[in-house]
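Visitor: Listed below are the residues making up each chain.
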Amino acid sequence: MTTAEGVMGFQGIAINVWLIWMLPFIGAALMPALRRNKPNLLNYTAVGFSLASAILAATLIPLALTDSEVHSQINWISALNLDAGILADPLAIIMTNVVAWISFLIFVYSVGYLHGERDLTRYWFFMLFFIGSMQLIVLSDNLLMLFFGWEGVGLASYALIGFWYYDKKKDYVGRERHMALGIPMWASPTHAGMKAFLMTKAGDIMMLAGMFLIFIYAGTFGFKELVADQSWAIEMSSQNLLVPAAILLFGGAVGKSAQLPLNEWLLEAMTGPTSVSALIHAATMVKAGVFLVGRIGPLFFALAAFDMAQFFEVIAWVGAITAFLLATQALVNPEIKKVLAYSTGSQIGYMMMALGIAGLSTQFVDGYTAGFFQLISHALFKASLFMGAGALLHAVGSRFLTDMGGVRKHMKKTYIFMLLAGLSLAGAPLVTSGFWSKDSIFAATLESGYTYAIPLFAIAVIVAIMTAFYTFRMLGMAFFGDPSKHLKEMDAKGHHVHEVSKVMWVPFGILAGATIAIGLIGIPFEEELHNVFAAYLDTSFGIPEEGSTQGEVMTGQQGPGGDESEEEREVEGRFEINYAAVAASVIAFGVGGGLGYLFYIARKLNPEIISKSIVTRAIWKFLYNRWYLNSILYWGTVIIPMLIYRIIWRYFESTIIDGINPAFQFSMSSFSKIVKAGQTGITQTYLFVFGVGIMILVMLLLI
Amino acid sequence: MVAIFLPVLLSPVAFILGRKKGIQLVTWFSFGVLAISTCFLMAPILSNGNDNPVYEESYSWSQFGNFGLRLDGLSIPFAIIINILCTVLALYSKPYMLHKIQEDADAQFGGHPSDHGNRPTSSGSGFEHIASSSSSSSSSSPSTQTDIESTSQMTTLVEKESYVRTQTGLYFALYLTFSMGMLGTVLATNLIEFYVFFELMLVPAFLMVAFYGYGAKRRIALMFLFWTHVGAVILLLGLLAMGFFAGGFDYVTVKENASKIPVEWMSLIIFSLVIGLGVKLAAFGLHIWLPYAHSEAPTPISALLSPAMIGIGAYGLLRLWMDLLTGDYTQYSIYINIWGLITMIYGGAMALMQDDIKRVLAYSSISQMGYILFGLGSESVLGISGATLIYVSHGLGKALLFMMAGSIILQTGTRSMSQLGGLAGKMPYTAVLAMIGGLTIIGIPPTSGFMSEWITFNGALQSGIEHAETIRVVVFALGLVATLLTAGYILWMYKRVFFGKIPERLIHVKDSNRYITATMAFLAAMTLIVGVYPDMFLVPITGYITNMFSSTPEVLPLPTADGSGAGNGDGGVEGVTNVTSSSSTQPSQVADAISAYAELHSVILSENPNRLNVYQQSLLYYYDPNLAGNRGIDNSVGEDAGTGAEAKGGSA
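Protein chains in written order, with this note's numbering: chain A, 154 to 856; chain B, 72 to 723.
Derived lysine to any residue pairs resembling SDA-like cross-links, with alpha carbons at most 25 angstroms apart:
| hint | chain 1 | residue 1 | chain 2 | residue 2 |
| --- | --- | --- | --- | --- |
| 1 | A | LYS322 | B | ILE578 |
| 2 | A | LYS566 | A | LYS655 |
| 3 | B | LYS497 | A | ALA186 |
Just so you know, the hints here were simulated from the structure itself, not pulled from any lab data. Just so you know, these numbers come straight off a predicted model, no measurement behind them.
Throw the hints in and build the complete structure from the sequences for me.
Guide: Printed below as a string of structure tokens:
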């Protein structure tokens, strides 16, 4: 570490880091106080706070480039001896800048998008809360504090997905009366918010369990402390608990990043305002999961003495399968925001796969860089696409692609920027950041030497083909062809489709430009990123670049052979282009994009052909019903448990337990009746009973 | 002393004030009395510093021993929460009880809502009020002669006015007694004294449900009285047995002589304590009184009954059982743990089935008491401290939610969720504050709910892992899943009340007045503060509980960072490693293991530097002693670990 700073409290540059996440919270707290003022004041304050946070984040960039870090702690829970602290290392600095700047642009866009909305106070409160929580995740130096931010983004997403809580039909998502296995596939905003909250919470409890396991053995949550003293890991692995703990932690990331078992919430999350979707998908929330893996991945890799391969295998396969699953579903969906949502899940799958591959190869940094490169480029183009989609919705007034068509003539700027960002998503060769990041994932997979690298690679290429296809489908349906019936009706009523205001198109224009700019300098950019991460992993975790896992020899303990690897690194002068991977990316773009072009832009082929064959129709239906996963989820976790509770309520609680009181009462009153029956008040009866009793006694005595 | 007896001594004054001067004065009077009492309570805590505050007063009493009051690490959180809630709810009572009593008066004397001048709320929209069916409603027959009508109206008005005043006075008198009973229970230092206070809090609660409740209030109040009283009597048997065998009823005497209690009696005593207090806690099987009592009590009283009063059962278990009779705790803890889990899930599941807001909250209380039991049975300092902190956070959170229910009853006149909806825009303050309360119950940071829950669950897992008991780990996992259930019923309730379309008759609803929102805001602020900075409660609790179990090695101390030698002071220093100490991972061995591994790895890489299969195999060899032996690798760590696990299996 060149200039590591370990500070107590708020000194020097550490104050900047603290403020990065505190400022949005302060801004959020101000919002209710300003609620009676003009909307513009609210807007400016919110945007101002996010800009301030972003500028502070930018001041840290030099630190990242020189591989130094800021670590500052204050006392927190003294009863358990826990400290709160921030840790700005290169990883956190890169992430915090991505988050801060993209959210700033989204904030600017929101000013236009939510013009005239009556609940601005609530909107801005939760938006600021959202990025504050995300920055807290990124910058905190321990798992517990990270979890505060973690639940904070969950809460903010719940509030923002259900932002339009009055549940009007136009805010719903999904086609009405679309059922699959008896489960409605359309959802109201509040329903969607609840679903998102509960499903991510299901991930969170796994993460909590993982955190607890580590805390029990380590007695600390701090990342630095966990690396510095690894006796906890030795004990845990001796009881076979290390891998489960790591996988449980990953469970949290699965929930937040909408990976396979917990992916269903992401689609309903489209009920929020589009700016919120952009924020969730580009800068916060789903990226939190990837970041978590980026945070803990090197830590566990550095503990490789305890065979963490299973952990990384789980990550890689979950990522790959999710990427495939969601890409297939994106092929058939008719709603523009949902197509983008599927695409996000799929792209996040790529990132997870890259991070998993990193741990399975000897060259950790390759996969790691690929994963984060993909994260950055995805953040840029997906934010741009979502904001563009928001502009479309604004102009067209419908969320369905089938209600659009031929819009490019009326919304030139939106068209151009969405096209650029879309090309990046599709991975158009050589000029887009999406191409280079995808390529780096392919290369990392091919070079990893992992036993099942080839199947993973195959999945990745297939997903890339589908990505290019659905991107072109989306763009084609929205911007090309003839205007739809809906648009014609609108025209007839005098509502003409027109370009959105400047405050809206400038932000996504900037992002679309950025994605192309990074694409043009793709190779140098990746190399720089590679160098930063290589240095970071080496100094912080002792993972030397040239593969070997002497990484577990920690700061201070130089293992044998450390010098060798350093030499090797210089000799090889790493970083070269893998031509097989490049070829695969180009072919994938060509095939997918070409098909998409023929079907939806040139309209040479008619997509209706799938309805002609039973097989293709069945496949279409299967995909359209989301592989029936949503229905299975509802049956398994909502309907059947509720039925069981209903039965318990009806036949146990209301009958047996509640019956205790009347039963007691009844038995008492019947007892009194029996006793009463004896008290006849007739002397003869008493005498008779008395006599009989005496006789029995006498007979007993005589016998 | 003053803290306790000020309220009870002044309660007749409250009654008189209420009769003579009306509700405004008596509310502030009660508030003042309770606030002073709270200040007296806080004074010794603050003056003693934070470390291990103990404040004690003792007076010689009768043959039962001394009558003492003691504030220590265990009673501080309970006492403070009880007093804060009582103080805050006194203010909250004003608009609510005025409304409720006037409603009763209307039912009793006839007449129309518009009759009384000083209606506190804006709910003049004439909604159908909740039917208080048991009250006799005499409808004055319309008379044709106007003068007779007007005079009869006059008399009714006067009667009604005096009725309202008497009732409010009575309410606050009972209220003060009730608060004193609860506070006394947690401060008592004598078994008999404990019992006396325990019953003393029951009687006013019974009367308040009977006088001011809803529905079949007398019947429900009786049911409440019977259940809890029977529980208390069972408890009394246990207490008497404890006292007789130990030769005195003072806590000190009992604690010293706990070993004198014959073994065969011990289990009986514990059984009676657990059952007696279990009724109060409304644990599964003994809970049926709670949904009735809590949903039909007047709302400020529900807000006190639910979080403050029933939790005293947990205090009783902690103090009477775990503190005084420490020895046998570990034998039964697992059953408590499981019972807690069942209560937790059952309460949550039943809460999902309700339509009445207050009944949802009542079942939610049952579920939360399950959390507390779960933590108490966790057999680790962490878990037990967490359970105590759950009392604090549940106190704040559930009180907030009940206050929300009260606010909704006041404004809309109904508490059936099927008739509510979309209120978030109409009652923004209530909605926001209730959300904070809901998050506290769910356990989302930065509310105190999260702080308490993670500590509890961490403790439960700790004992599961370190005692190597599968059943505890399973219970822990199910417990975590039950938190999802909690989130489910809270959010669903919230959705049905505050989201969606507004029913037409609620379009003109307004938010409640300041007495309600300000008191709610105070509690919401408290829960946020405790959630971010829990030290003020957590330090005394963990300190006391660590001491409590310092002689019981089965109860696991707090985990600490090994080697860092951070000064946690007493008890917990050795941390985790001392439990698994048989594996004795000293630093040198750690270093050995690491260098051995590095050596192995460089060997493997030099043989075939190519890749991962070999790399993975190497790890395999590393763990298989035989293979590792073949390669000439020191496998000391692996063996050690094996023996460690065996040793632990043996000890468990």
